[in-house]
Amino acid sequence: MKGISATAWGVYSVWHRHAKVYQKTWLFNSLPPLSEPLIYLVSFGYGLTPLVGEVSYEGQTVSYLKFIAPGMIAIGVLSQSFFEGAYGSFIRLSFQKTWQAFLTAPLSFTEVFLGDWLWASTKGTLAGLITGIVAVLWGLYSAWYLILSIPLIVLGSLLFGAMGLLTAGTVRTIDQMNAPIFLIILPMFTLCGTYFPRDTLPPLLGKVATFLPLSSLADLLRWPLGLPQFWPLELLWLLVCTGVFAWLAGRKIYPQLFK
Amino acid sequence: MIRAASPITLEPLVLVAHDLWKNYGDRAVVSGVNFTLNPGEILGLLGPNGAGKTTTVGMLYGSVVPSRGFVQLGQQQVQLQGAQSRYFIGIVTQEDNLDPDFSVLENLIYFAHHYRITGNAARLRAGELLARVGLQEYAKQRIDELSGGLKRRLVLARALINRPHIVFLDEPTTGLDPDARQDFWRLVSQLRQEGCGVLLTTHYMDEAQRLCDRLLLLQQGKVIDQGTPAELIERTVGREMVEIEGVAESLLQQLANQAGTWYRPFGNSYLIALPINNPQSLWEQLAASEPRTLIRRRANLEDVFLRLTGASLA
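From first to last, the protein sequence lines stand for chains A and B. If you use our numbering, the first sequence corresponds to residues 1 to 259, in order. If you use our numbering, the second sequence corresponds to residues 1 to 314, in order.
Please keep in mind that the hints were generated in silico from the structure rather than gathered at the bench. Just to be clear, a hint being listed does not mean it is correct.
As the list claims (entries may be wrong) - Only pairs whose alpha carbons sit at most 20 Å apart, straight line, appear in this in silico EDC-like list of lysine to aspartate or glutamate:
id: 1; chain 1: A; residue 1: K97; chain 2: B; residue 2: E106
id: 2; chain 1: A; residue 1: K24; chain 2: B; residue 2: E106
id: 3; chain 1: B; residue 1: K151; chain 2: B; residue 2: D96
id: 4; chain 1: B; residue 1: K140; chain 2: B; residue 2: D96
id: 5; chain 1: A; residue 1: K259; chain 2: B; residue 2: D26
id: 6; chain 1: A; residue 1: K20; chain 2: B; residue 2: E106
id: 7; chain 1: A; residue 1: K24; chain 2: B; residue 2: E145
id: 8; chain 1: A; residue 1: K259; chain 2: B; residue 2: D19
id: 9; chain 1: B; residue 1: K151; chain 2: B; residue 2: D101
id: 10; chain 1: A; residue 1: K20; chain 2: B; residue 2: D101
id: 11; chain 1: B; residue 1: K222; chain 2: B; residue 2: E302
id: 12; chain 1: A; residue 1: K97; chain 2: B; residue 2: D19
id: 13; chain 1: B; residue 1: K151; chain 2: B; residue 2: E137
id: 14; chain 1: A; residue 1: K97; chain 2: B; residue 2: E95
id: 15; chain 1: A; residue 1: K259; chain 2: B; residue 2: E95
id: 16; chain 1: A; residue 1: K24; chain 2: B; residue 2: D144
id: 17; chain 1: A; residue 1: K97; chain 2: B; residue 2: D144
id: 18; chain 1: B; residue 1: K140; chain 2: B; residue 2: E106
id: 19; chain 1: A; residue 1: K97; chain 2: A; residue 2: D175
id: 20; chain 1: A; residue 1: K24; chain 2: B; residue 2: D101
id: 21; chain 1: A; residue 1: K66; chain 2: A; residue 2: E54
id: 22; chain 1: A; residue 1: K252; chain 2: A; residue 2: D175
id: 23; chain 1: A; residue 1: K66; chain 2: A; residue 2: D175
id: 24; chain 1: B; residue 1: K140; chain 2: B; residue 2: E128
id: 25; chain 1: B; residue 1: K222; chain 2: B; residue 2: D26
id: 26; chain 1: A; residue 1: K20; chain 2: B; residue 2: D144
id: 27; chain 1: A; residue 1: K97; chain 2: B; residue 2: E145
id: 28; chain 1: A; residue 1: K97; chain 2: B; residue 2: D96
id: 29; chain 1: B; residue 1: K151; chain 2: B; residue 2: E128
Produce the complete structure using the sequences and hints provided.
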């Protein structure tokens, strides 16, 4: 990549195109971020709470539903931003050639990349907020805590959006998308302390899970229940991962558009 | 680098390609291409598939980075100001990259947004362009409901959204039926009348001959000749050709040498050029040789290519 050239309008214009497409089918598009947390909270709430009851987290005992609510916010952020970045961007790049069309207009690669990334992050942020609102209405998370958590939700969305774009730039066929999904996303989904405290995992597995970025996001979103001991490092880890994934994604996608 | 907002210029722009080269590893795909595209001119890049036409166009608008050389649009270098230059350029790529998520009208409105044309101005411009390319009745249709010809017209309309000074048309009529090609040619001719500079790549010699004011003949990335279509034809092959089948090659060679002209194998037959000064004499000698097939016709660009390269354009 040679040079970075961007205007706010260019980035907005790309984001605007994606938002207009989303707007056309907003009813169907808003279904997953709304139904996903509801289904998880209802099924885990009614299904597992009688079995689990309460869990111990950061030296205090909390109800299982209160424990998983921030995890559900993190899951919403992960799934919407990653899958938009991965599938959405891959389809626009390799099938619809939307990226190539953008680049026949006065838009630079940086603007198109940032516009796509911001769109993936927007979807993750919306999903995190919708899940958070469900948790607030359920009485599992305070409205103020949710408002104060917005920067974390945005950061998580940027991170997983960048991870999605890296996937879109790396895979060559849509079937290859299964590799990062089953090797990275699914383990994160299940092992990162979203459904149970990580200290119940075998020590080695627990250590590996700690370095998966969803762990840091879930830990930080649980700040109302108590901040983890190394929270500044976890925050830094999220920032570093975001930067690295975004840089790698740009490096992977650029050669597909400029020869 | 933070770019400025939409630039404005009313001066007609000249596009100059300076010694363009593109190498992939050791392989040179484009080798030392130079040309100037003036306002109100249609310049054709004519060559067979793989001649380097699309790579050259890519270098002109910034999607291909030249290994050497540069492109100048007015006072700007395209490689340095790639995105900004595209405020003045309309691009019709080989592939239809229309937005399948939008209707015909929306494709134009949301593309206009990239040029900071929004709201009513975008709607008005989109409406004007749909009328111009004859797509008003399709305004609300989805892209996948359009035929190939209608899609190409919409891509052209999209390329004109910002009233460009220069339009690049990369193989714009490939795969279209004859009627759709004629429609497209009419639209391209209008652009020239309006003072727009048009760069057209094609491997259809009839398209090049009919539309282009000047031609660059490309083969294996090199310009092998250039000029107006009429100049190229007369200079290279003369005015008339004969397609002949069923005579011995030795006889053709002898007749061609005597007349000071040339011949080439052409499928199962031969092509022989009639000399400009005295075509009738050779024609009568060929007719007297009792061939199975004998056709006399005007020379064309296909013949030029055959003469220069020994290969057909198709």
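Each hint tested on the structure:
1. With a CA separation close to 17 Å, the supplied pair A:K97 and B:E106 stays within the 20 Å bound.
2. With a C-alpha separation of about 12 Å, the suggested pairing of A:K24 with B:E106 holds against the 20 Å cut-off.
3. For the suggested pair B:K151 and B:D96, the alpha carbons sit about 7 Å apart, so the restraint of at most 20 Å is met.
4. Using a Cα cut-off of 20 Å, the hinted pair B:K140 and B:D96 holds, with the two alpha carbons roughly 18 Å apart.
5. For the proposed pair A:K259 and B:D26, the alpha carbon gap of about 15 Å is at most 20 Å, so the pair holds.
6. For the proposed pair A:K20 and B:E106, the alpha carbon gap of about 10 Å is at most 20 Å, so the pair holds.
7. For a cut-off of 20 Å, the pair hint linking A:K24 to B:E145 stands: about 18 Å separates their Cα positions.
8. Straight-line distance between C-alpha atoms of A:K259 and B:D19 comes to about 18 Å, which keeps the hinted pair within the 20 Å bound.
9. For the proposed pair B:K151 and B:D101, the alpha carbon gap of about 14 Å is at most 20 Å, so the pair holds.
10. A C-alpha spacing of about 9 Å is found between A:K20 and B:D101, which places the hinted pair at or below 20 Å, so the restraint holds.
11. Among the hinted pairs, B:K222 with B:E302 is consistent with the structure: their alpha-carbon atoms are about 18 Å apart, no more than 20 Å.
12. Between A:K97 and B:D19, the direct Cα distance comes to roughly 30 Å. Violation of the 20 Å bound is thereby established for this hinted pair.
13. The suggested pairing of B:K151 with B:E137 holds, with an alpha-carbon distance near 14 Å, which does not exceed 20 Å.
14. Proximity of A:K97 to B:E95 is assessed by CA-CA distance (about 9 Å); at most 20 Å being required, the pair is judged to hold.
15. Between the alpha carbons of A:K259 and B:E95 the distance comes to roughly 17 Å, so the proposed pair stays at or under 20 Å and holds.
16. Proposed proximity of A:K24 and B:D144 is supported: the alpha carbons are some 17 Å apart, at most 20 Å.
17. This hinted pair checks out: A:K97 and B:D144 have alpha carbons roughly 14 Å apart, not beyond 20 Å.
18. Proximity of B:K140 to B:E106 is assessed by CA-CA distance (about 8 Å); at most 20 Å being required, the pair is judged to hold.
19. Between A:K97 and A:D175 the CA atoms are separated by roughly 19 Å; this keeps the pair inside 20 Å, and the hint holds.
20. A distance of roughly 9 Å separates the Cα atoms of A:K24 and B:D101; the hinted pair therefore holds under the 20 Å criterion.
21. With a C-alpha separation of about 9 Å, the suggested pair A:K66 and A:E54 falls inside the 20 Å cut-off, and the hint holds.
22. The straight-line distance between the Cα atoms of A:K252 and A:D175 is roughly 18 Å, inside the 20 Å bound, and the hint therefore holds.
23. With a CA separation close to 37 Å, the supplied pair A:K66 and A:D175 exceeds the 20 Å bound.
24. With a C-alpha separation of about 15 Å, the suggested pair B:K140 and B:E128 falls inside the 20 Å cut-off, and the hint holds.
25. For the proposed pair B:K222 and B:D26, the alpha carbon gap of about 16 Å is at most 20 Å, so the pair holds.
26. Restraint check: the Cα-Cα separation between A:K20 and B:D144 comes to about 19 Å, which is no more than 20 Å; the hinted pair holds.
27. Between A:K97 and B:E145 the CA atoms are separated by roughly 18 Å; this keeps the pair inside 20 Å, and the hint holds.
28. With a C-alpha separation of about 9 Å, the suggested pairing of A:K97 with B:D96 holds against the 20 Å cut-off.
29. A distance of roughly 17 Å separates the Cα atoms of B:K151 and B:E128; the hinted pair therefore holds under the 20 Å criterion.
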